[in-house]
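Heads up: the sequence lines are chains A and B, in that order.
Read in order, the letters of the first sequence are residues 657 to 1105 in this note's numbering.
Read in order, the letters of the second sequence are residues 657 to 1105 in this note's numbering.
Possibly wrong hints are sitting among the right ones.
For identical chains, the list gives no copy identity; a pair is met inside one copy or between any two copies.
[To be verified] No farther apart than 30 Å at their CA atoms in a straight line, the calculated lysine-lysine pairs in the DSSO-like style are these:
(1) LYS741 with LYS722
(2) LYS731 with LYS904
(3) LYS1053 with LYS783
(4) LYS920 with LYS783
(5) LYS860 with LYS873
(6) LYS904 with LYS1006
(7) LYS783 with LYS978
(8) LYS697 with LYS881
(9) LYS882 with LYS783
(10) LYS1009 with LYS731
(11) LYS881 with LYS868
(12) LYS1053 with LYS697
(13) LYS1078 with LYS920
The set of hints was computed from the structure by calculation and includes no laboratory data.
Next come the chains, spelled out residue by residue.
2 protein chains.
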Amino acid sequence: MSKEKIENEKLEDSSLAAPRGTRDFLFEEKILRDEVTSTLKTIFELYGFNAFETPAFEKWEVLSSKYAGGAEILKETYRFQDQGKRELGLRYDLTVPLCRVIAGNSSLPLPVKRYAIGSVFRDGPLKIGRYREFIQCDVDIVGSKTGLADAEIVSLTCDAFTALGIDYVVKVNNRKLLEGLLESMQVPANKLETVILSIDKLAKIGRDGVQKELLEKGLSIPIAKKLLSVILELSELRADQVLFQCEKIIGQNAKAKQGLTEMKEVFDFLDNFGKTDAVVLDISLARGLAYYTGLVVEVFAKNSEVKSSIAGGGRYDELIGKFANREAIPAVGISFGLDAINEVLKLQDKGAKPKKTLVSVYVIPIKAIPQCISVANQLRAAGIRTAIDLMNRSISKNLEYASKQGINYVAIIGPKEAEAKKLTLRNLETGEEKLMTIADTIMLISRSN
Amino acid sequence: MSKEKIENEKLEDSSLAAPRGTRDFLFEEKILRDEVTSTLKTIFELYGFNAFETPAFEKWEVLSSKYAGGAEILKETYRFQDQGKRELGLRYDLTVPLCRVIAGNSSLPLPVKRYAIGSVFRDGPLKIGRYREFIQCDVDIVGSKTGLADAEIVSLTCDAFTALGIDYVVKVNNRKLLEGLLESMQVPANKLETVILSIDKLAKIGRDGVQKELLEKGLSIPIAKKLLSVILELSELRADQVLFQCEKIIGQNAKAKQGLTEMKEVFDFLDNFGKTDAVVLDISLARGLAYYTGLVVEVFAKNSEVKSSIAGGGRYDELIGKFANREAIPAVGISFGLDAINEVLKLQDKGAKPKKTLVSVYVIPIKAIPQCISVANQLRAAGIRTAIDLMNRSISKNLEYASKQGINYVAIIGPKEAEAKKLTLRNLETGEEKLMTIADTIMLISRSN
Chain A
657 MSKEKIENEK LEDSSLAAPR GTRDFLFEEK ILRDEVTSTL KTIFELYGFN AFETPAFEKW
717 EVLSSKYAGG AEILKETYRF QDQGKRELGL RYDLTVPLCR VIAGNSSLPL PVKRYAIGSV
777 FRDGPLKIGR YREFIQCDVD IVGSKTGLAD AEIVSLTCDA FTALGIDYVV KVNNRKLLEG
837 LLESMQVPAN KLETVILSID KLAKIGRDGV QKELLEKGLS IPIAKKLLSV ILELSELRAD
897 QVLFQCEKII GQNAKAKQGL TEMKEVFDFL DNFGKTDAVV LDISLARGLA YYTGLVVEVF
957 AKNSEVKSSI AGGGRYDELI GKFANREAIP AVGISFGLDA INEVLKLQDK GAKPKKTLVS
1017 VYVIPIKAIP QCISVANQLR AAGIRTAIDL MNRSISKNLE YASKQGINYV AIIGPKEAEA
1077 KKLTLRNLET GEEKLMTIAD TIMLISRSN
Chain B
657 MSKEKIENEK LEDSSLAAPR GTRDFLFEEK ILRDEVTSTL KTIFELYGFN AFETPAFEKW
717 EVLSSKYAGG AEILKETYRF QDQGKRELGL RYDLTVPLCR VIAGNSSLPL PVKRYAIGSV
777 FRDGPLKIGR YREFIQCDVD IVGSKTGLAD AEIVSLTCDA FTALGIDYVV KVNNRKLLEG
837 LLESMQVPAN KLETVILSID KLAKIGRDGV QKELLEKGLS IPIAKKLLSV ILELSELRAD
897 QVLFQCEKII GQNAKAKQGL TEMKEVFDFL DNFGKTDAVV LDISLARGLA YYTGLVVEVF
957 AKNSEVKSSI AGGGRYDELI GKFANREAIP AVGISFGLDA INEVLKLQDK GAKPKKTLVS
1017 VYVIPIKAIP QCISVANQLR AAGIRTAIDL MNRSISKNLE YASKQGINYV AIIGPKEAEA
1077 KKLTLRNLET GEEKLMTIAD TIMLISRSN
């Protein structure tokens, strides 16, 4: 990633670079991005989701609504006016537009299962892996409060990473269970939120770091120590054992009992989906954002240098209703981070040659342009991605061009080939060359794609 | 379209509407959009183009560069600053980003064949069919000055509209031919540009309207009349006859001769591509924008209420070089207008029921959720887009929901079906219902998709 960073900084000098914090995606970069989003789209659609598309910018009043992103994110929001002096801002996530659409279309039959793949914008500090325009891939189920909806989101997540070829672990937890567990361990109600934020950092800052924070936040030493030892003990266990142990700790705490019931239901359904192997119950997981009300999910790549999460989400039963100023509308969803996913794929495929072009065959005419056009017509009609020499170049220049582009096959058509209604097909990787009919060429290239 | 307009205005009242001039696309609207862009993508890729992706905003200095869009379009550009006080603007087209990328990457092997499908933004007056965020679908060939490149763009355009199922006509012309023709008919050099702008309006404002403009612009009556009668005479002819007649009119005008040679070459190649039938040489076509230097192309739907063009482009050999402050870099391309194309498709398919959902089957459990999950797993693994009841609703409520969503098949699984490892499949369109194995269900639904 450091190479990427250096390149970005070098480009920064030039007035022809993309704006600071944004990127151009060409060739192999773009092909990888499109492959990933296309795989996600396929999985989202198999699970019965439909796509929604909303504008790149929103009214400022929508973005800054009390129940939208909050003050922190507004600081990082690009803001501007239209000519009618309307206040606007580039969207910072895909959840606010979803809330707006649901709130504004009260007659939509529920549940709404929607996905969205699109750019979001945050004018924040630049760090490795953080950009000012980046693509989020979100799936959300709006209107269902069942554990089956939770389980579907987790199962979809597992299938997505399997389809992407990433070895992953899905960490889940339940906010009610976590909050109730803390309550039952004597954490004062007014400190719940802030204690959760500290515990959420366990993987990052370790036991001592969290304990220090908890004491600074006013927890007593015995409570802080007890809390951490319970959480660390539970972190060693399988999901069913965690649930069993929790049941003993929480006593009669109603919130924790509710969370426990929800979590058990989700794991039962995950068992039906055949997905329990990849799912870990991590009692310290909270996902900072306060709007989660039940399930929380975070996904990490196994054995990867990428340590940040590659997807995250959960249940947020209150957000949409408050946003719409209506009764609660339950919802659960997950967001896939395209940049982190691409980084994992690039690192794990380090040795492999990335695909640089979509073009399968490059047609070179030697005084036979009409015949080349006719061949290109036939190849394209057969679904083969075909380019023709557009520069009237020599064979050697054309071979050099095709090779630089990363095109695998070259079809050479001169008077001899034209006469025989054939072509000379060269495989640029192996160097093999053969006089072939067009039908055989179509068969060979279709098979090798 | 008037219905759409009224709805937009109604929504405008609500703070939960999309910002003025922008739109939300849900369900059938989004499905149609995605089908169109996916068809275009397929054709672009068959012709050997690769996708580029650039940011939604650009540096203001890039957007306002002398050789970019010009003063008129800057007035309609959304402008803002980042926190570092950098001047930025939302892109108003996909050509400026292309110029920037080509200019900024001087080592790219030419030709570059790139396509881009993305939002562009114009804060202009709202009219029917004009929006403030809209998607352009651009293909461009950069680096080739050959007629084969021109012909490929035209052939691709024909294939795209055939694939979209739109009956179309491609109008083409050549700026050199048009300018030379006017010169040879005594139009003063300093009036060429403005005369061309008037002639370009022939289809819109008619012969009298254009003549009035030409006289106001200072052409003498005989020249204006001659010009119009020649152009109208040529408009009745087939392309080869137009070229034949032009040859007689232009005499020794070098520019016109060059344009004629180019146009002849393009038509010869189009003949090789098998595309001359759908292509008309319209000598009055100029496409306002001054940056075109050779071929100009504009596409219209035949027998449609949509009178505006549905795609347009041409050759611009000077723009990129000037932008990059380098020697000339020839280029030719075309831009497809998603909104106009969708409008044509919606009007021509008026009778047909639009596709409202991607979901093929909706699974309803009657006390058999685990079995339903297992069936959904199998259907999804077979590539069938499947939703499950997530609300624990009654059969009748579930049937109502599925029907409202526009889902064609419902699979009901109760204890009886679960026991037999079967399901009851109901076709909501025909009302037919049948107890089936899962394998048979997969066969049936795959076949009917």
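Status of each hint after checking the structure:
1. LYS741 with LYS722: Both, since 22 Å and 27 Å are each at most 30 Å.
2. LYS731 with LYS904: neither (44 Å within a copy, 67 Å between copies)
3. LYS1053 with LYS783: neither (42 Å within a copy, 50 Å between copies)
4. LYS920 with LYS783: Neither. Shortest intra-copy (39 Å) and inter-copy (55 Å) distances fail the 30 Å Cα cut-off.
5. LYS860 with LYS873: within (18 Å within a copy, 73 Å between copies)
6. LYS904 with LYS1006: Intra 47 Å, inter 64 Å, cutoff 30 Å: neither.
7. LYS783 with LYS978: Result: close neither inside a copy nor across copies, 34 Å intra and 35 Å inter.
8. LYS697 with LYS881: The answer is neither: 45 Å in one copy and 59 Å across copies each exceed 30 Å.
9. LYS882 with LYS783: Cα proximity of LYS882 and LYS783: none, with 36 Å in one copy and 67 Å across.
10. LYS1009 with LYS731: Classified as neither; 41 Å inside a copy, 46 Å across copies.
11. LYS881 with LYS868: within (10 Å within a copy, 90 Å between copies)
12. LYS1053 with LYS697: Cα proximity of LYS1053 and LYS697: across copies only (29 Å, versus 40 Å in one copy).
13. LYS1078 with LYS920: between (66 Å within a copy, 28 Å between copies)
When held up to the earlier numbered hints, the structure conflicts with 2, 3, 4, 6, 7, 8, 9, 10 and fits the remainder.
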